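Undergrad: Respectively, the protein sequence lines represent chains A and B. Numbering follows the working numbering, with no gaps: position 61 of the first sequence is 62. Numbering follows the working numbering, with no gaps: position 279 of the second sequence is 312.
The set of hints was computed from the structure by calculation and includes no laboratory data. A quick note: this is a predicted structure, and the numbers were derived from the prediction, not measured. Positions of the beta carbon are idealized from the N, C-alpha and C atoms, including for glycine. There could be a bad hint or two in this list.
Some, not all, of what chain A presents toward chain B, calculated at C-beta under 8 Å [stated by the list, open to error]: (1) 192; (2) 195; (3) 202; (4) 235.
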Amino acid sequence: MRKTKFSEANNSLSIGLKSKKIAIPYLIWILIFTILPIFLLMQYAFTNNQGNFTFANIERFFNPLYLGIMWHSIRMATMATVICFFLGYPIAYILSQKAYKDKTILLFLFVVPMWMNFLVRTYAWLFILGFNGVLNNILRFFGFEPIRLLFTDGAVLLGLVYTFLPFMIFPIYSSLQKIDERIIEAARDLGSNRLQLFFRIIFPLSLPGIASALTMVFMPAVATFLISNILGGGQYFLIGNLIEQQFLTVGNRHFGSALALIMFALIILCNVIFSYLSKEEKE
Amino acid sequence: MEFIELKNIEKNFYVNKQERQILKGINLSIKENEFLTLLGPSGSGKTTTLRIIGGFETASKGQVFFNGLDIGKTPPHKRAINTVFQNYALFPHMNVYDNVAYGLKIKKFSKSAIKDRVEKTLSLVNLSGFDKRSVKSLSGGQQQRIAIARALINEPKVLLLDEPLGALDLKLRKEMQIELKNMQKNLGITFIYVTHDQEEALTMSDQIAVMNDGEILQKGTSENIYNEPKNAFIASFIGTSNIITGTMERDRKVTFLKTDFECVDPMPGSVVQIVVRPEDIEIEQTPRDRNSLKGEVIEVIFFGVNYEMKVKTGDFIWKIHSTKSYERGQFVYLFMATEALHVMEMERSL
Ligand SMILES: Nc1ncnc2c1ncn2[C@@H]1O[C@H](COP(=O)(O)OP(=O)(O)O)[C@@H](O)[C@H]1O
Ligand SMILES: [Mg+2]
Chain A
2 MRKTKFSEAN
12 NSLSIGLKSK
22 KIAIPYLIWI
32 LIFTILPIFL
42 LMQYAFTNNQ
52 GNFTFANIER
62 FFNPLYLGIM
72 WHSIRMATMA
82 TVICFFLGYP
92 IAYILSQKAY
102 KDKTILLFLF
112 VVPMWMNFLV
122 RTYAWLFILG
132 FNGVLNNILR
142 FFGFEPIRLL
152 FTDGAVLLGL
162 VYTFLPFMIF
172 PIYSSLQKID
182 ERIIEAARDL
192 GSNRLQLFFR
202 IIFPLSLPGI
212 ASALTMVFMP
222 AVATFLISNI
232 LGGGQYFLIG
242 NLIEQQFLTV
252 GNRHFGSALA
262 LIMFALIILC
272 NVIFSYLSKE
282 EKE
Chain B
34 MEFIELKNIE
44 KNFYVNKQER
54 QILKGINLSI
64 KENEFLTLLG
74 PSGSGKTTTL
84 RIIGGFETAS
94 KGQVFFNGLD
104 IGKTPPHKRA
114 INTVFQNYAL
124 FPHMNVYDNV
134 AYGLKIKKFS
144 KSAIKDRVEK
154 TLSLVNLSGF
164 DKRSVKSLSG
174 GQQQRIAIAR
184 ALINEPKVLL
194 LDEPLGALDL
204 KLRKEMQIEL
214 KNMQKNLGIT
224 FIYVTHDQEE
234 ALTMSDQIAV
244 MNDGEILQKG
254 TSENIYNEPK
264 NAFIASFIGT
274 SNIITGTMER
284 DRKVTFLKTD
294 FECVDPMPGS
304 VVQIVVRPED
314 IEIEQTPRDR
324 NSLKGEVIEV
334 IFFGVNYEMK
344 VKTGDFIWKI
354 HSTKSYERGQ
364 FVYLFMATEA
374 LHVMEMERSL
């Protein structure tokens, strides 16, 4: 035993050394596409049109109008994440059950939409939810008045849930699948019924998966602007739309950069919290 | 009425849509407070048998009785049986205390009662004071003890142990063997123990059931199995034995290597196999008038307490354990007492 451990350590050491060389192109990549943009963002965020240093762009954000937009974005993303969780966990759980284990086809069904173009998928909802869309036509068929479905909070939420559900399912599925069958048998052996087995063993062991699933849904959801653009109509404002507008319509790079930077800080904060939570559970 | 009884247990598994019979009619009875070992090579169906007793598999055919009741459809948590799993299967998200306490917590025992019992059980496995440790920080031997404590806290009538010492090093294994055996005696619990290690089986068990290829070949006490193996497979599996083919024309007379020997067995068939334990052969300088064979010493190895020697007679090489040593190349006479010869019917395939 000792010996193998030692040689494993040796191996990972040599891999570590080797991988340093291999990593150089990636480091360059990260430098160009991650570090550099962040510095550019910072530069714009802390300067004005004349190129003088200022906090004004950041301060401008703390205006009730923009704070409201931020709050709305966080609320929408949180709701989408919660809904995704309550939909996604049972799906992941069922998929991980023994009876379905060889039936990869089911998992496949959840992957296929991810391969489809994101815009096409989202525009498809226009045809379903629109005033003359599929749902309203069904309502008309049964003699009901058509209702406004599109360009509402509900439509945006639906878009968010629909788009990000797979990101909830996969991490949870993979953490559920990793649970050793013997551990479940041991729990049953010691007298657990189904509920006890789930809440005392399976759920706690899937927490690392849950933590990464929550991050993977919340972060893109809070930053989205395309889904709200399409399903919320042109007037619908999330923080993502605000940033987009500052860059593309208003042309105020400085305020746009400040907003993006704030957003970035928020995302990093979420990440830290979630990974802290999942580590806490592992100990 | 037997305490535990397996009647004609058969188990089929589907492997690549093909039905394979893994257990081919297991009959086994186990007494209360007995230490029974299922001994057999890997793949012989020991784990499957154990899982059927534990309730994790259902038999394709046959019945399992517990105190006379058919428990074939009773789920694992409703059986007075607990299991120590092959790889311990401790709950990785709980500390030592919570692992051991698990069985009581889910049965809604009071906090103080749980604390009492956990402390008692931890001291039983010599791990007092480990309560707050994470199970991942423990050594293999310690994890094993926690797994045993976790199973024992439910005060089962039967403990199933699937190769519990397989992952431990030799010294620790020997210590744990003695500890487990003492525990079983002191607690008065029935142990059903699975191992492929014949020495472990011989030293710990009250009863051994030797399995091969989904069947129980022989069941008996350690002495029984060791001294009177029913066939050559068991003889060779149980220990380093001399197994030689011979013929038997009359009761209590067997012929091999062109020499007649007296033995104690009546005639089981005309072609037979004879098993002679290495320690049952005496090496002498002079021939005797019966049960004696000439041979040449071809190898001598010293094993700390005794010598293992190889002696060649014709084509056959005898393994002999003795406290006296002889020179390589020396010609000697091998004496095998009538009781030292175990005559068995010929195995169809070996
Ligand atoms: N769930 C299963 N599905 C298919 N084959 C199995 C299953 N469990 C065990 N087997 C097969 O049954 C045989 C006996 O296995 P097992 O009872 O684990 O033997 P042992 O514990 O004696 O090594 C092996 O050939 C194994 O591959
Ligand atoms: Mg096994």
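Undergrad: Min Cβ distance, residue 192(A) to chain B: is it shorter than 8 Å?
TA: This hint holds: residue 192(A) lies near chain B, its Cβ roughly 4 Å from the closest one there, short of 8 Å.
Undergrad: Could you check if residue 235(A) really has its C-beta closer than 8 Å to a C-beta on chain B?
TA: At about 49 Å, which exceeds the 8 Å cut-off, the nearest Cβ of chain B leaves the hint on residue 235(A) violated.
Undergrad: For the hint on residue 202(A), just tell me whether its beta-carbon gets within less than 8 Å of chain B.
TA: Hint on residue 202(A): holds, closest Cβ of chain B at ~7 Å, below 8 Å.
Undergrad: Would you check whether residue 195(A) satisfies its interface hint, that is, whether its CB is within less than 8 Å of any CB in chain B?
TA: Hint violated; residue 195(A) Cβ to chain B Cβ min 10 Å, cut 8 Å.
The structure does not agree with the numbered hints 2 and 4 stated previously, though it agrees with the rest.
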